[in-house]
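Make the full structure from the sequences, and use the hints.
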Amino acid sequence: MNKDLWIIIERLGDIVLKHNQGQIVEIGLGQSTFMFSKFAKQFDRMHYGCDRSDRTCNWLKEKIKTKNTIICQMDSFDFMKLDCFKNMEVALFLIDGNHKNKYVSKEAEFLVSKLVPGGVGFIHDTFIKKDYYEKYKARGKTTEPYLTRLELEKRDDIWCLTWPYTANRCGLTQIIKKEENRPFYRQ
Amino acid sequence: MSHVKNKKEWLILDRLCDSILSAVDGPIVDLGIGMSTKILAYYAQKYNREQYSCDKDMGIIKKYGCPIHKKHKIYHLDSMGFVLTLNVSPSLVFIDGDHRHEQTITKVRYFLDRMKFGSVIFLHDTFPKEEKYVHESGRKCGNVYKTRQELEKDNSVWTFTFPYSNQAQGHGLTMVMQKPIDPPYYWS
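Protein sequence lines correspond, in order, to chains Z and F. Each residue of the first sequence is one higher than the one before, counting from 1 in this note's numbering. Each residue of the second sequence is one higher than the one before, counting from 1 in this note's numbering.
For the record, the hints were derived by calculation from the structure and aren't laboratory data. One thing to keep in mind: the hints can contain errors.
[Unchecked claim] Below, in silico cross-link-like pairs of lysine-lysine (DSS-like), each with a Cα-Cα straight-line distance of 30 Å or less:
#, chain 1, residue 1, chain 2, residue 2
1, Z, 154, Z, 129
2, Z, 18, F, 5
3, Z, 18, F, 129
4, F, 132, F, 146
5, Z, 100, Z, 130
6, Z, 178, F, 179
7, Z, 141, Z, 130
8, Z, 114, F, 153
9, Z, 106, Z, 86
10, F, 140, F, 62
11, Z, 61, Z, 41
12, F, 116, Z, 137
13, F, 8, F, 56
14, F, 132, Z, 178
15, F, 8, Z, 38
16, F, 179, Z, 135
17, F, 153, F, 140
18, Z, 178, F, 153
19, F, 140, Z, 178
20, Z, 67, Z, 114
21, Z, 114, F, 179
22, Z, 38, F, 7
23, Z, 100, F, 179
24, Z, 106, F, 179
25, F, 5, F, 140
[What the hints assert, rightly or not] To be clear about the criterion: a stretch of chain Z counts as covered by chain F if any three or more of its residues have a C-beta under 8 Å from a C-beta of chain F, and this derived list gives those stretches:
#, segment
26, 4-16
27, 126-132
28, 159-166
29, 180-187
Treat the numbers as computed from the prediction; the structure is a model and nothing was measured. All C-beta atoms, glycine included, are put in the ideal place defined by N, C-alpha and C.
Have a look at this one:
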């Protein structure tokens, strides 16, 4: 396992949660789930995660025994329809699930709308390495989170920056929600 | 993470240095000496980098015990004069010197032209907490918020501002990174 895979989220997560109320949401589970679960416990937040793989979900349910983490074995479209999201505010999220733009784009739109001002979201694989891209292509698959990054870069209600290193050097886009009604020097 | 005392206000800078410096070669440059200089000095030593720091106030240079390490070069100069004497390709730049927009944007552009992809410029005072800190003359936060606003409109860079009240004295810390030039279509 690459110990620096999520180092940027590890290093910023507590700062984000100290400053912002709201829950933690994760689409696409794995090693990152342990990190978010730890944050949820430390800051007494709920951590909701989903993954389509029953193997991944069962493994995580076996390993993580805290009431703060809820693991849902389902597609992200079904996950986003859960009642718990109706009035939820999100302080921290990670999207690392299906690589098709129709998924990533909807997930980002949904989670950015739930993000509190100052809350931070991350999207993985937005700046993929050439060999990874070729691997996907050879299997007849597409990897499109970069399209979501491009959409997000055009938005005025967020700031976003993409780290080209860490996260397997496949790009980690970091988003922060701006406050509404800012004075001229904070516009 | 560094063991610099009283670094709370600069935790974000402290937390991100490892990721940047382990991925990008080049010296560290900081304009305006302070607590941030001490944090950057820790990482300059850890990653064996040159560190170039400047301040026009000799009292400040002495207060922070500069130079802090063997590869730490101190310039007792106005920040614009300092920048124009440097000809380096830094991995990380921290700008907290002259707080006038015209001066600051000139320095940012100067460094962006010289930095490798993945290098980061940190800009302080880009998001003042109250209007009383905004001065066209450059006092306090000056009008550096205009530098942030100009960079946000520039499609060749990514910008990201931390607005947190107990970080960077509550006046905002903006990261600026050049986007890749001529990226493949699956990046662009």
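Quick rundown of the hints versus the structure:
1. For a cut-off of 30 Å, the pair hint linking residue 154(Z) to residue 129(Z) stands: about 23 Å separates their Cα positions.
2. The straight-line distance between the Cα atoms of residue 18(Z) and residue 5(F) is roughly 20 Å, inside the 30 Å bound, and the hint therefore holds.
3. Of the pairs offered as hints, the one joining residue 18(Z) and residue 129(F) holds, with about 18 Å between alpha carbons and a cut-off of 30 Å not exceeded.
4. With a C-alpha separation of about 16 Å, the suggested pair residue 132(F) and residue 146(F) falls inside the 30 Å cut-off, and the hint holds.
5. Simply put, residue 100(Z) and residue 130(Z) have alpha-carbon atoms about 17 Å apart, close enough for the 30 Å limit, and the pair holds.
6. Under the criterion of a C-alpha separation no larger than 30 Å, the hint pairing residue 178(Z) with residue 179(F) is consistent with the structure, at around 22 Å.
7. Simply put, residue 141(Z) and residue 130(Z) have alpha-carbon atoms about 14 Å apart, close enough for the 30 Å limit, and the pair holds.
8. Among the hinted pairs, residue 114(Z) with residue 153(F) is consistent with the structure: their alpha-carbon atoms are about 25 Å apart, no more than 30 Å.
9. Between residue 106(Z) and residue 86(Z) the CA atoms are separated by roughly 16 Å; this keeps the pair inside 30 Å, and the hint holds.
10. The straight-line distance between the Cα atoms of residue 140(F) and residue 62(F) is roughly 21 Å, inside the 30 Å bound, and the hint therefore holds.
11. Straight-line distance between C-alpha atoms of residue 61(Z) and residue 41(Z) comes to about 15 Å, which keeps the hinted pair within the 30 Å bound.
12. Our distance criterion of 30 Å between C-alpha atoms is met by residue 116(F) and residue 137(Z), whose separation comes to about 29 Å.
13. Between residue 8(F) and residue 56(F), the direct Cα distance comes to roughly 25 Å. Compliance with the 30 Å bound is thereby established for this hinted pair.
14. For the given pair, residue 132(F) sits about 21 Å from residue 178(Z) by alpha-carbon distance, which is consistent with the 30 Å threshold.
15. Proposed proximity of residue 8(F) and residue 38(Z) is supported: the alpha carbons are some 22 Å apart, at most 30 Å.
16. Distance restraint check for residue 179(F) and residue 135(Z): the Cα-Cα separation of roughly 24 Å lies within the 30 Å cut-off, and the hinted pair is therefore satisfied.
17. Only pairs whose Cα atoms come within 30 Å are accepted, and residue 153(F) paired with residue 140(F) is accepted, the gap being roughly 24 Å.
18. Distance hint between residue 178(Z) and residue 153(F) is fulfilled; the C-alpha atoms sit about 15 Å from each other, no more than 30 Å.
19. A threshold of 30 Å between alpha carbons decides the hint, and for residue 140(F) with residue 178(Z) the separation of about 23 Å falls inside it, so the pair holds.
20. Of the pairs offered as hints, the one joining residue 67(Z) and residue 114(Z) holds, with about 22 Å between alpha carbons and a cut-off of 30 Å not exceeded.
21. With a C-alpha separation of about 28 Å, the suggested pairing of residue 114(Z) with residue 179(F) holds against the 30 Å cut-off.
22. A distance of roughly 24 Å separates the Cα atoms of residue 38(Z) and residue 7(F); the hinted pair therefore holds under the 30 Å criterion.
23. Distance restraint check for residue 100(Z) and residue 179(F): the Cα-Cα separation of roughly 23 Å lies within the 30 Å cut-off, and the hinted pair is therefore satisfied.
24. Annotation: proposed proximity of residue 106(Z) to residue 179(F) holds, straight-line Cα distance about 25 Å (limit 30 Å).
25. Distance check on the hinted pair: residue 5(F) and residue 140(F) sit about 24 Å apart at the alpha-carbon level, within 30 Å; holds.
26. Coverage of a stretch by a chain is defined here by at least three residues with a beta carbon nearer than 8 Å to that chain's beta carbons; for the segment 4-16 of chain Z and chain F the count is 6, and the condition holds.
27. Figure legend: the segment 126-132 of chain Z, annotated as covered by chain F; annotation consistent (3 residues with Cβ-Cβ distances under 8 Å, at least 3 required).
28. Counting residues of the segment 159-166 of chain Z whose C-beta sits closer than 8 Å to any C-beta of chain F gives 8, which meets the bar of three, so the coverage hint holds.
29. Residues of the segment 180-187 of chain Z lying with their CB closer than 8 Å to a CB of chain F number 4, which satisfies the three-residue condition for coverage.
Taken one by one, the earlier hints all hold for this structure without exception.
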